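J.: Each chain, letter by letter, is given below.
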Amino acid sequence: MTDPVYFIAIPLLTAFLLPLFGKIYKPLIGIIPGLVFAFTAYISFDLYFNLEPGKPVIVQMAGWAPPWGINLVFGEFSGLIVSLITFLAFLVWVYSYNFKKVGFDNSKKYFTLLMLMVAGSIGVVLTGDIFNMFVFLEITAISSYGLTAFYKGRDSAEAAFKFLLIGSLSSTFILLAILLLYKQTGTLNMAEIAIKSQAIDPKIKSIIAILFFVGFGIEAEMFPLNGWVPDAYSQAPGPVAASFASILAKSGIYALIRVFYTVLDVEGIFNLLLTAGLLTIIFAEFTAMRQTRLRRMLAYSSIGQMGLIMVAFSFNTKAGVFAGLFLMFNHAVIKTLLFLASGFLTYSTKQKKIRDLDGFGKIMPFTSLMFGLGAFAIVGLPPFSGFWGKLNMLTATADSNLYLVIALILVVAVVEIIYYFKVIGRLYFRERHEDVNIQKPTWNAVLAMSILALVIIGVGLYPDFITDYLAKATNELFDKAGYIKHVLPSLSLN
Amino acid sequence: MSSLVILILIIAGFALLSYFGHSINKTAGNIAVFAAAVLIPLYWFTRVDFSETVSFTISGFQMELGYNMYGKLFSLIVMILSPLALIYALGYMKDSKRTGTFYFSFLFSILGMTGILMSRDFISLFIFWEIMTWSSYLLVIFLGKDVEKTGIRYMVFSALGAYAMFMAIVIIHRNTGSMMLNDYFNAFGNFSTGTKFLTGILLMFGFALKSAVMPVHVWAPGAYSNTPMAYTSVFSGALSKMGVYGLGFVVINLFAHANLHFAGTILAWLGAVTAVLATFSAIFQDDAKKLLAYSSIAQLGYIVTGIGIGTELSIFAGLYLAVLHAAFKGVLFMAAGAVERQAGSTDMTEVTGLIRKMPLTFFASLVAIIALAGVPPLGGFVGKWMLYESLINNGNFLMVIMIFLSSTAAFLYSYKFLFGLFLGQEEPEFENVKEASPLMTIPMLLLSVFLMITGSFPGIVFKYIAEGMTDLGFHDVNWQMSVLTNAWGDSVNLQHVTLSIGVVFVVFLIFLTWKGYKKTYYVSTKDISSSGEVIKPEDNMTYSTDFYKPFERVLHPILKRKIEKYYDEFGEGIGALFDFMRRIYTGNGQTYAFYVIVFLVILLVFSKNIFGY
Amino acid sequence: MEGIGYKILGALLTTLLAFTVGMFYAGFRRKIIARIQNRVGPPVYQNFLDVLKLLSKKTSVNHGIMQHLAPLWLITMSVSTLMFIPVLKDGLFFTNLNFSGDLIFLLYIMVFGPLGMALGAGQTGNPNSAIGVSRGLTQMVGFEIPWIMAIVALMIQYKTTSVTGLLDIQSQNGTWMMFSSPLAFIAALLAMPGMFRYAPFDIVGAPAELASGPISEFGGKYLSTMMTSGSIFAFVKLTLYVDLFMGGASNLIELVIKTFALYMYPVLWGAVSPRFRTEQAVRYFWGWPLFFGFAALIYAAF
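Protein chains in written order, with my numbering: chain A, 542 to 1035; chain B, 1052 to 1664; chain C, 18 to 319.
Do not take every clue at face value.
[Said to hold, decoys possible] No more than 16 Å apart at the CA atoms, straight line, and that leaves these computed lysine to aspartate or glutamate pairs for EDC-like:
1. B:Lys1148 with A:Glu972
2. B:Lys1659 with A:Glu808
3. B:Lys1577 with B:Glu1478
4. A:Lys963 with B:Asp1197
5. B:Lys1200 with B:Asp1619
6. B:Lys1587 with B:Glu1480
7. A:Lys963 with A:Asp899
8. B:Lys1200 with B:Glu1615
9. B:Lys1514 with B:Glu1363
10. B:Lys1408 with B:Asp1337
11. B:Lys1600 with B:Asp1337
12. B:Lys1659 with A:Asp742
13. A:Lys903 with A:Asp976
14. A:Lys963 with B:Glu1199
15. B:Lys1077 with B:Asp1146
16. B:Lys1196 with A:Asp899
17. A:Lys596 with A:Asp1020
18. B:Lys1247 with B:Asp1234
19. B:Lys1196 with A:Glu972
[What the hints assert, rightly or not] Label pairs and their computed distance ranges (CB to CB):
20. C:Lys74 with B:Ser1575: 20 to 28 Å
21. A:Ala1022 with B:Asn1241: 17 to 25 Å
22. A:Asn942 with B:Val1652: 29 to 37 Å
23. B:Asn1233 with A:Leu576: 35 to 43 Å
Hints are computed from structural coordinates only; laboratory data are not their basis.
Fair warning: this is a prediction, and the values are worked out from it, not measured in the lab.
Each residue gets a CB set at the ideal place from its N, CA and C atoms; glycine is no exception.
Just need the whole structure built from these sequences, with the hints factored in.
T.: Below is the structure:
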């Protein structure tokens, strides 16, 4: 049994040591992060599969027992997300190992920032301490700003600045919320807050909830707080956009649901989440429809998916959470594939316009195929994994008697089909333009995309590969008393 | 392993085999396709066990595959028409590029249809439905024409239909806790009125859309005419029947058994309106493919009407017409494809006088057209007769008139199709056109033979329909090999009809041909009576532009309003709305920060309403 | 097996009867029109002479197989239709096969011929023929609608779809359907001239415009066959009207009187009318005839 602390410690440490390794032997800069990601992925899977049912692994940092010390909780819920994050981080590394492009240099800077972001996200998911969560969120956010501005251009800088602006607002709100919470309960441990929060004055509690909601909502790409998203996704390098979708957004939504499912106990927040989620879906998908640039289209689509996930979590039912987790899984895997494929599709087009991609199916068969597969999967066509996510999502919605929401989700799905199939139509069924030069995907990129594609098809054909784990994670999230009992054996929810 | 699963796997395997075969070289791929065309139906006819069921649970949903006789009837269409179309495609697609993709999608759509017909639960039904949808979408845009308009339109409408079904499915699951079709049918009576209507209408919408019922038919003309003709025969012949299949069990199991007849009647009305308007549209098409596409919509209208009325004879007529339509529309689309390939166009104002160059294609088209028009003594008449009689017996007199109007007007486009492509002046431009290859003519001729046999012995089809209807809950469905009977006891004896027509025909054939025909010699179509003027070979004497202009003038008030226009306007309006929404993302950092603050303030102001403390 | 012998004999007799009566009627028509136009006109038996003359002529050119088949198609249809209509109410020779077909069947088999004729005319390549066909089919859509409305009204009112059944009901009730279902009769009557294609509905042949339209490339045996078919078909239509609306006929004299009376209606109307344009014809049929058709249907249903 490995210590969950490694997930955070090793990437963090390597991130700072990377320049040193570079001094020793240059190629190590590329190789070491891979080893680290592979290792974290391995240990997280190892830990996750060996988890005893209903018994999360709790680690106390520096020997202080909670509620005084900081603790990490690797349970069935957080373990699942961590495994997903580390797995995708590894694939992003595989993809970007020798990704070459003008202005893109996979040197220490890139991998340092990437590792910081991964470490931060893992921290957000694992930590049992609310202030610690804030710190990790900051690590994630700051490394993301750096990654957004990676191409040293005007547009990238602008995008990064917007991200920074909104991100700092997010940090402020979260910090404010934590301050208020600490003042009311006198503790930062999430389990203890969970016990004590019942006693907080509802007025104050609602303000705390709103601050958290807005703060985490920014990271989770909630409307109307997601202005940073399209710019950041479209200006950052391809693999970075992929990791934003699969890692950054996931930690945001994780924080949101962890706080509202476990820590704070506020009625009414779920209706708010439902409304915000629906608005997010509508605005994002309808905007995506009118985009002419591939990457921006994907960014808006990504927002839409996050909105769907929020809606799923807003039902506050097991079916809803299960569907939400399934959607998170799908979104992480499929959107990563789409971003990775789009990295090569738009490689040598200046404008990254969709219409520049006419007839690429013939000249870039593999990448186009991967994009097409991703598109089929994300709009929820069987036999790909997206379908099962959507099916579970809709049955959950129906179980909550929200028939209108079903209709809305499906209408939006039609919109989604329109813009994705427009791209497919261009890729495969148009004559290509003269004088296009293309970049063939490197072998490792092919590998990374193939693995993702196999996961998509595998889960699509037999979703029970993952449904058990999702169901366990769902149960754990709902077992608030169990969470408290494990973190704080001495106290109990009264 | 179960024979049903093996069947699915075989089709999927052949799809991959054809794809990879074609990426090696054409011959290998064509061999794979040919093997698929032979082995899939062979397996289906000899090895598939129709009493078998396969149950499994995926993601917590119970699923079950298994045939019933009603599904088997439709499978029969799929399993006979698709292999013929595949063989036809071997000839038709000989010189095309990317044939691998074509056959892959083709076989996958067969897989989808086969799967739909053996699904006993909504999830597998929906999965196969979607597979069928996307594979046919790939074929609709295969030629790269009109990708944006036709392709997207097809996909959007298909998605609307599919998602309507999807919504119905989840609501059903919420109310019954099960995904099985039978559980739904059994529980339907106990649903609240709202749920009854919601699920019933959503399902009906999904299925009606696939069967191109107005006003959701707009995807069909473009999709049917843009697809390579080798597939369109299946598209129109078999794929659209999946909608009919679904409508059948919705109407019968739900409406007929739960005394919601009026819902079926509404469907029947829609079918009748579809039949009339689509026929009118077909008449004025200049492209033979478009003409056939509209004609398909009209024919599906009859079928839907038959199903919608919901009496024994009408459903019998609807199902019979569905089978027949598959055969004759299969032939016609194949013929249009043959003309397109051999003469380079299907524009009826250009192509003309191919009868002597492509006699086999003409013969097959002629038989198919006679069947389509419903003229005795071919099979089409049987279906028309049963449909009329059932409507008359049921007292739906207005619907009879509409159907009759539609089928009388159908003579106009039937004639136009034959005249436009095969008859009329033989222009020097088409001097060197050759008959299509046997790979293309043989499937057409086989289907025409079927159409001729059903004229006297429709019982060979009735047998399967009766079995299917027994599964739908009709008892003692009467049928005879060659005698049609309606509810009032009036009947037509088809053997007498065929015999009488045949004898008279032969007598006069001998009379006219005796010493006559052999002594006559052929003169070109330029050698005609022309009031003394001498027609030179280059003179264009073809009358094919604005062929039915007078009729168009009569119908102008009806036809000037095109439903497509409304959809387009709706689409544009939505587009403008989207543009407006897009403006929210101004690209300005301060604005975004402002949104955040405003959002926060709003939440704080309304926190009391949100949290209700 | 003696039944079959009688049947064949009956069929031959019926055909012969239809041919003779039809020919004479056409002759009368020519005579009547001539008299109205203040001409002497040809003798009544002129049509027989025409047919015989054409038969004796040798046909030496054709434009292909469809042209050869077209007249055949036409006469097959006329004779077959005749076989399925009860010419006399009862009796051995003139009922033929009427028990094995019903009205819907009759309606459909009646279009079999024109369609085949149209195909043959199409193959000749003569633009006049094609125009004629286009007009003919359009006009058919026009008059078939009120006609079918009238028939459906009868079928719904009397709950039978067979001609024999309708005849039986008329003899049981003792009234003709033109009195018991007057609206249907009016609709059918208004549609009738279109069926006969006499002026003002002679837009298909349109002698002065289209050089006799579809038949312009046919001569000799072909034309004689067509004329024969035409006269048989005229008789068929008249008999059908008589059966449906005028109680049928129990002997040949009654039949001739009734049909001749009915025949005078399109003939006299035509004699004093100019020609419609195609769209005018359709608009005519979809005007008052349609109104009466609807009225008949509503009357029948409620």
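J.: Each of the hints needs a verdict: does it hold here or not?
T.: Consistency of the hints with the structure:
Simply put, Lys1148 of chain B and Glu972 of chain A have alpha-carbon atoms about 13 Å apart, close enough for the 16 Å limit, and the pair holds. About 11 Å separates the Cα atoms of Lys1659 of chain B and Glu808 of chain A, which keeps this hinted pair within 16 Å; it holds. Of the supplied pair hints, the one linking Lys1577 of chain B and Glu1478 of chain B holds, its CA atoms being roughly 9 Å apart against a limit of 16 Å. Only pairs whose Cα atoms come within 16 Å are accepted, and Lys963 of chain A paired with Asp1197 of chain B is accepted, the gap being roughly 11 Å.
For the hint linking Lys1200 of chain B to Asp1619 of chain B, the alpha-carbon distance of about 10 Å falls within 16 Å, and the restraint holds. Restraint check: the Cα-Cα separation between Lys1587 of chain B and Glu1480 of chain B comes to about 15 Å, which is no more than 16 Å; the hinted pair holds. A distance of roughly 11 Å separates the Cα atoms of Lys963 of chain A and Asp899 of chain A; the hinted pair therefore holds under the 16 Å criterion. Between Lys1200 of chain B and Glu1615 of chain B the alpha-carbon distance is near 12 Å, which keeps this suggested pair within the 16 Å criterion.
Proposed proximity of Lys1514 of chain B and Glu1363 of chain B is supported: the alpha carbons are some 14 Å apart, at most 16 Å. Only pairs whose Cα atoms come within 16 Å are accepted, and Lys1408 of chain B paired with Asp1337 of chain B is rejected, the gap being roughly 21 Å. A threshold of 16 Å between alpha carbons decides the hint, and for Lys1600 of chain B with Asp1337 of chain B the separation of about 12 Å falls inside it, so the pair holds. For the hint linking Lys1659 of chain B to Asp742 of chain A, the alpha-carbon distance of about 13 Å falls within 16 Å, and the restraint holds.
Between the alpha carbons of Lys903 of chain A and Asp976 of chain A the distance comes to roughly 14 Å, so the proposed pair stays at or under 16 Å and holds. For the given pair, Lys963 of chain A sits about 7 Å from Glu1199 of chain B by alpha-carbon distance, which is consistent with the 16 Å threshold. With a C-alpha separation of about 10 Å, the suggested pairing of Lys1077 of chain B with Asp1146 of chain B holds against the 16 Å cut-off. Of the pairs offered as hints, the one joining Lys1196 of chain B and Asp899 of chain A holds, with about 13 Å between alpha carbons and a cut-off of 16 Å not exceeded.
Pair hint Lys596 of chain A plus Asp1020 of chain A holds up; C-alpha atoms about 11 Å apart against a cutoff of 16 Å. Distance check on the hinted pair: Lys1247 of chain B and Asp1234 of chain B sit about 14 Å apart at the alpha-carbon level, within 16 Å; holds. Among the hinted pairs, Lys1196 of chain B with Glu972 of chain A is consistent with the structure: their alpha-carbon atoms are about 10 Å apart, no more than 16 Å. With their beta carbons about 22 Å apart, Lys74 of chain C and Ser1575 of chain B fall inside the hinted range of 20 to 28 Å.
A beta carbon spacing of about 38 Å between Ala1022 of chain A and Asn1241 of chain B contradicts the range 17 to 25 Å that was offered as a hint. In this structure, Asn942 of chain A and Val1652 of chain B meet the distance hint of 29 to 37 Å, their C-beta atoms being roughly 32 Å apart. Taking the beta carbon of each, Asn1233 of chain B and Leu576 of chain A are about 56 Å apart, not inside 35 to 43 Å as hinted.
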